[in-house]
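Engineer: If you read the protein sequences in the order shown, they are chains G, V and S.
The first sequence begins at 1 in this note's numbering and counts up one residue at a time.
The second sequence begins at 1 in this note's numbering and counts up one residue at a time.
The third sequence begins at 1 in this note's numbering and counts up one residue at a time.
The reader is advised that the hints may include incorrect statements.
Simulated DEER-style distance windows between Cβ atoms [stated by the list, open to error]:
(1) S:K82 / G:K37: 51 to 59 Å
(2) G:G459 / V:N203: 40 to 48 Å
(3) S:A25 / G:S665: 31 to 39 Å
(4) S:E42 / G:I791: 38 to 46 Å
(5) S:A25 / G:N682: 39 to 47 Å
(6) S:A118 / V:P80: 58 to 66 Å
(7) S:E42 / G:K707: 33 to 41 Å
Calculated Cβ distances over 12 Å to all of chain V for the following chain S residues [to be verified]:
(8) D6
(9) M7
(10) P10
(11) F13
(12) E42
(13) A47
(14) E53
(15) P79
(16) K82
(17) D112
(18) T116
(19) T117
(20) K163
Since the hints were made in silico from the structure, they are not lab data.
Beta carbons: idealized from backbone N, C-alpha and C, even for Gly.
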Amino acid sequence: MVEIEIDGTTLQVVEGSTIIEAAHQMGTYIPHFCYHKKLSIAANCRMCLVQVEKAPKPMPACATPVANGMKVFTHSELAVKAQKAVMEFLLINHPLDCPICDQGGECQLQDLAVGYGESASQYEEEKRVVPDKDLGPLVATDMTRCINCTRCIRFTAEIAGFMELGQSYRGERAEVMPFIGKTVDTELSGNIIDLCPVGALTSKPFRFSARTWELSRRKSVSPHDGLGSNLIMQTKHHRVLRVLPLENEAINECWLTDKERYSYQGLNSEGDNGRLTKPMVKQGGEWKEVDWNVALDYAAHALRDVAKTHGGSAIGGLLSPHATLEEMYLAQKLLRGLGSENIDFRLRQSDFSADGKRKGTPWLGMKIAEIGELDRVLVVGSFLRKDHPLIAQRLRQSAKRGAQVSVLHSADDDLLIKLEARAIVAPSQLPAQLAEVVNAVAALKGVAADPALAKVGAGDTAKKIAASLVSGSEGSKCGVLLGNFAQQHPQAATLNVLAQQLARLLGGRFGFLGEAANSVGGYVAKAIPTGDGLNAAAMLNTPRQAYVVVGAEPELDCADGAQALASLTQAAAVVVLSPFKSQAMLDYAAVLLPVSPFSETSGSFVNTEGRVQSFYAAAKPLGESRPAWKVLRVLGNLLKVEGFEQNSSEEVRDEALGGAPEFVSGLENAVNVAPNLEAAANGLERVADVPIHFADSLVRRAPALQKAADSAVPSARMNAATLVKHGLLAGDAVKVMRSGIQSDGAGDTAQVTLVAQLDNGLPDNALRVAAAHADTQALGAMFSVLSVEKI
Amino acid sequence: MALIDTINPLLTTGWGKGDAGWSLKDYEARGGYAQLKRILTSKMSQDDLIAEVKKSVLRGRGGAGFPTGLKWSFMPKAAPEKYVVCNTDEGEPGTFKDRDLLRFDPHSTIEGMIIAGYAVGAKRGYNYIHGEIFEIYQRFEAALDEARAAGYLGENILGSEFSFDLFAHHGWGAYICGEETGLLESIEGKKGQPRFKPPFPANFGLYGKPTTINNTETFAAIPFILGMGGEAYLNLGKPNNGGTKLFSVSGHVNRPGNYEVPMGTPFAKLLEMAGGMRGGRKLKAVIPGGSSAPVLPADVMMDCTMDYDSIAKAGSMLGSGAVIVMDETVCMVKALERLSYFYYEESCGQCTPCREGTGWLYRVVHRIEHGQGRQEDLDLLNRVTDNMMGKTICALADAAAFPVRSFIKHFKSEFEYHVEHKKCLVDPEVQRAGSGFFRASSATEAA
Amino acid sequence: MDKQNDMLSPEAFRKIDREVAKYPAEQKQSAIMAALVIAQDEKGWLAQEVIAEVAGYLGMAPIAAYEVASFYNMYNLKPVGKYKLTVCTNLPCALSGGVHAADYVKEKLGIDFNETTADGKFTLKEGECMGACGDAPVMLVNDKRMCSFMLPEQIDALLAECK
Ligand SMILES: Cc1cc2nc3c(=O)[nH]c(=O)nc-3n(C[C@H](O)[C@H](O)[C@H](O)COP(=O)(O)O)c2cc1C
Ligand code: SF4
Ligand code: FES
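Make a model of the complete structure from these sequences and hints.
Structural biologist: This is the structure in structure tokens:
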């Protein structure tokens, strides 16, 4: 610690901090543009000049380190004169078009110009005009307004991990731009809008739709991945028009993924595939819009009929893992009230052998913020950058600070993280490969490994990963993270138990990267089967008479979309509670109950670290849609199920959680199953990712995101050797089939036509075909053996 | 070839044979590499070596005049990876000494850099060579090959435990890379945008490693200093202004070129060596230290001696030793306009005051020169320069401001005349004749 | 439209490799300036594909390479004539005829700065200080050859020599 004085106040600050950090510590504001606490120091805008005793010149507060005894004056004559001088220079070439600028009202330049600017400038020369750039569908540019602070450039290079923007040319002609013909394509691109202190970078979808002061603001929580990013929802006339990050250092820091920022467009979607705004029932094959009473009666009737005739177990409940805790809780209660134990929210999971053998609710295994403190990390089975962009970002920063990150997966996508080691194997080899790492770590630690793993030994790659893991500073800073792919894997329980062994050997931690907003909450809400109830896969494998679907589109959200569709289609009654409609739904459902998306209801998500985050509605329900918890409550009443008297979502939450804790209890990743290292598959194995912009029903309906680079149509990706083996060239149109089905099978639905693409990040004998997409839904299971043929 | 003359040749001992005397054998014949050999065989300590350089009061020849020995002593001892970098990005208008140093005697710079590497414990060095002098870059590469072949570079130099290798990095047209941290960025393969200091290169330099950067002439002087001893070198010049210095004399003299003279030589003597004023015309003004130094009127300049202290006392800077001589045919507004254009063109663009200010200055001076100036413009120019100075990462903004302020200060009436009469005080025909371009080709003027 | 034609020759990459060898192994990017010069020597100018190719070879982001290509003013981001003449007009040169030399060339070729003659032979550029002010007027031919004391006769001779 050193002692310094700022404007006459003495304070203690950490050695090595800068003047601006010290000033912030005591709540003193120093004007600045280029400085940002999460970015490297550029010191180029010169707005933060302050006077430092004995220094002949004003010093930039953002870059000047404190020194013991330093005296700083932020408002002295010298400081203010310097700040005013810089402000004048900033404004001479700025268009001052605030009345038509989207940043108007929230512009740092505008704000500071009022405080630090002179009313009139003597600059009378012609102002500079800078051509706008096409950064893609999400970010709009008005480059003439750019003040060259380079925050956006540093963001792409340092936080997003790849320098997509630069400052080309020099001097007065310096211009911020992407490489010619390129756009900004990272999954984090929208953050440059928040970072831009002026109106040079603004939201393209939001453009000109409202002035900032017309917007109402509500806090909310992201309904997408398991992180639970904190949001500010901005609405006008009860429509969400913009979503911004709400800073929370423990969760999303000050960032949002593009998915979280722009998916709100789906809230306003219209048309055949858009929002469902009226209750509807199917009578004699015809859909009719009806009153809520009629629809609810119809639904209750249908479910009661099936329960009566076939027993409660003839009903299956498929709940979206993006549904709120309250929705899941009431839905399971309703189903159980009807005598059904067939309840599940783990729609993309395919291995349920750990059910009943878990010691608690699977979770991240640590706090989100603790990820950044790990110095040795193994990520198993994860499309990390797209599935968990902000966790990837944390690991990216860790790796820069010297943490060693290794990956075990079936695709070598560029994570833009410096990796220490990687093992890329076919999906069926994932368990054996992880077992090798366990063996190698055991060998390095000089302890006996699980004899059940003995036969797989330990190859060089496993040894390299193991060497990295054991080389950390202390065991507790070593972490094994199981991604979505590992959780969806047909041997997920084995991966779980191996990670558990690994963590135990290392004295470290392991956990699951929560796929969805309520991947933890679903367990807590008891939205899983008990006893001989059927899990998500089983209730589709053995078709039911009736299904209750809450918030999901099973044909896209389940591990095997084709099967889900078939089972729903054959059912006598499918009751759907959904914010959206779709053609598939109209085909299989009997009743469509329009329920509110997260923005129009109160509720809670329990994020991957077990944190309960409740939120209020940001807008009124659209049309006749209603919060799902209310709809479920009425259904409970209609079906005369006990315990449906709650008057608020808070009451439901408190009932589900036994109060309103900050973190849920019972988090525990250990399972007690024997590892199964038999490689099931043999042949051309499918590697199925869930593309970031297709992962849930909301994002699928966000038009701007659907135009982004991450929304490309799925292709059939293979490495060079696999292409050659199948006589294919990149660019060939190919027929991809589920193995065993002949290509000439007329009317066969289990085949799709795709374009072959080279992807040398894949292992041999792997065919990467994305899931969760209409184009590939017919292929069925995410983990399967495929065949491919040139057309 | 630039003509040269000298009072006390050290750096220029090997010059004068045109392109014939640069090679290794010539340099060795002149006693070259003897100092390196002496240091290596005697296993001279790093501290003794630096002490000797300190004694010479050699001040950096790149412009700032920082004592070289002191700079070397800042290098952390323990760091495993360190660099020595030579600044031959000579782009300061008026300066052309480093080019001739590498052209006529590249090995003195090489020897100086190797010795510096030894002194600060670096194993690798780079010489950053100005983009426009490709032939010089080639010459330097050829000299490096010679030195490598002779065992002066590489592993275990001359059988000692000391290893050092040296490479040339060629610039490609950016004045700002002369600024030492811009130069480091450039070697790292980036735009040459200067870095904020601290940290200084001695702690965080090339690739983030401790680095010593000196000007070519600074390195070239090292073997001579060690040859004659620090004290003898200091005594060649004046106290606090040790040794000899190369002055690049350009403009309206009869023999533009490089002149090596002891520090403290009267300007009048230098002017005389350069053949006096072209066409016998009258001296009007001199920029004594490169375009970034304030201009001095003739009478002030004639009283100066050529050393850091005397020129500073007169209100300018010795800078890089580039002496730009202007006679009465010069329109000072036009001269300033060209210099202001230079800084506008060369600003790297990162600092707001420099990026915006250099363009503003140029436009206003341009306007005045073109008869659209206003009375308030002179105050405006002073105010804008005031707002630029001392507020940027590097000194380019100051360098852009100094000429503006000094031209206005010393030649205010000429600016006022422009504003008032919308034309030059100096008749355009007189201006045209001043350059000698047309006269030289015209037969009638042959006499 | 032959893409192969857009690519740099193996010889160019050999030259680039020589430059890369000057720097520590993990600092390949240091060779970008030299690599772009090598590319420019071969292609005459730096088309964006060429910049991207060089960037890819050195493992850097294309925009980082473009920053470099656009920062240093001797890179040609547009096609130039067979002979690119750059005349220094900075003050020290101007005092000894730099501007007049440029004017003379302009008149002879019928082009202004940043223009190319109709036959594609000459492009004229205004240069900043080349560090050769004692030899004024000075002129660069195709970036690499410096011509000193360029009075009318010398300019005539140079233009005649450029075939
Ligand atoms: C805008 C600017 C341009 C500079 N140009 C040069 C140059 O061309 N050559 C040079 O040696 N130093 C130049 N310098 C000074 C260097 O930053 C640095 O001080 C010098 O290379 C140190 O060497 P020395 O101590 O031997 O003088 C320049 C500085 C500035 C601010
Ligand atoms: S003062 Fe000018 S040249 Fe120097 S760093 Fe700042 S912008 Fe660049
Ligand atoms: S001014 Fe032209 S070379 Fe220096």
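Engineer: Now, for every hint given, state plainly whether the structure supports it.
Structural biologist: Here is how each hint holds up against the structure:
At roughly 53 Å, the beta-carbon separation of K82 of chain S and K37 of chain G lies within the given 51 to 59 Å, and the hint holds. Checking the proposed 40 to 48 Å range against G459 of chain G and N203 of chain V shows it holds: the Cβ atoms sit about 44 Å from each other. In this structure the supplied range 31 to 39 Å is violated for A25 of chain S paired with S665 of chain G, their Cβ-Cβ distance being about 52 Å. Between E42 of chain S and I791 of chain G the CB atoms are about 41 Å apart, so this pair conforms to the stated range of 38 to 46 Å.
The hinted range of 39 to 47 Å is satisfied by A25 of chain S and N682 of chain G, whose Cβ atoms lie roughly 42 Å apart. In this structure the supplied range 58 to 66 Å holds for A118 of chain S paired with P80 of chain V, their Cβ-Cβ distance being about 60 Å. Range check, E42 of chain S to K707 of chain G: about 38 Å between beta-carbon atoms, so the 33 to 41 Å window is met. Remark: the non-interface label on D6 of chain S is consistent with the geometry, its nearest Cβ contact in chain V lying 22 Å away (cut-off 12 Å).
The non-interface label for M7 of chain S is consistent with chain V: the shortest C-beta to C-beta separation is roughly 21 Å, beyond 12 Å. With a least beta-carbon separation of about 22 Å from chain V, P10 of chain S lies farther than 12 Å from that chain, consistent with its non-interface assignment. Every Cβ of chain V is farther than 12 Å from the Cβ of F13 of chain S; the closest lies at roughly 17 Å, confirming the non-interface assignment. With 12 Å as the threshold on Cβ separation, the claim that E42 of chain S sits away from chain V holds: the shortest Cβ distance comes to roughly 15 Å.
No Cβ of chain V approaches the Cβ of A47 of chain S within 12 Å, the least distance being about 17 Å, so the stated non-interface status holds. Look at E53 of chain S: its CB is around 16 Å from the nearest CB on chain V, clear of 12 Å, so calling it non-interface holds up. Chain V leaves P79 of chain S outside its interface by the beta-carbon criterion, the shortest separation being 18 Å against a cut-off of 12 Å. At roughly 18 Å, the least C-beta separation between K82 of chain S and chain V is larger than 12 Å, which holds for a residue marked as non-interface.
The beta carbon of D112 of chain S is kept farther than 12 Å from every beta carbon of chain V, the shortest such distance being approximately 16 Å. The beta carbon of T116 of chain S is kept farther than 12 Å from every beta carbon of chain V, the shortest such distance being approximately 19 Å. For T117 of chain S, the shortest C-beta to C-beta distance to chain V comes to about 22 Å, beyond the 12 Å cut-off, and the non-interface label holds. No beta-carbon of chain V is positioned within 12 Å of the beta-carbon of K163 of chain S; the least distance is around 21 Å.
Consistency with the previously given hints fails for number 3 only.
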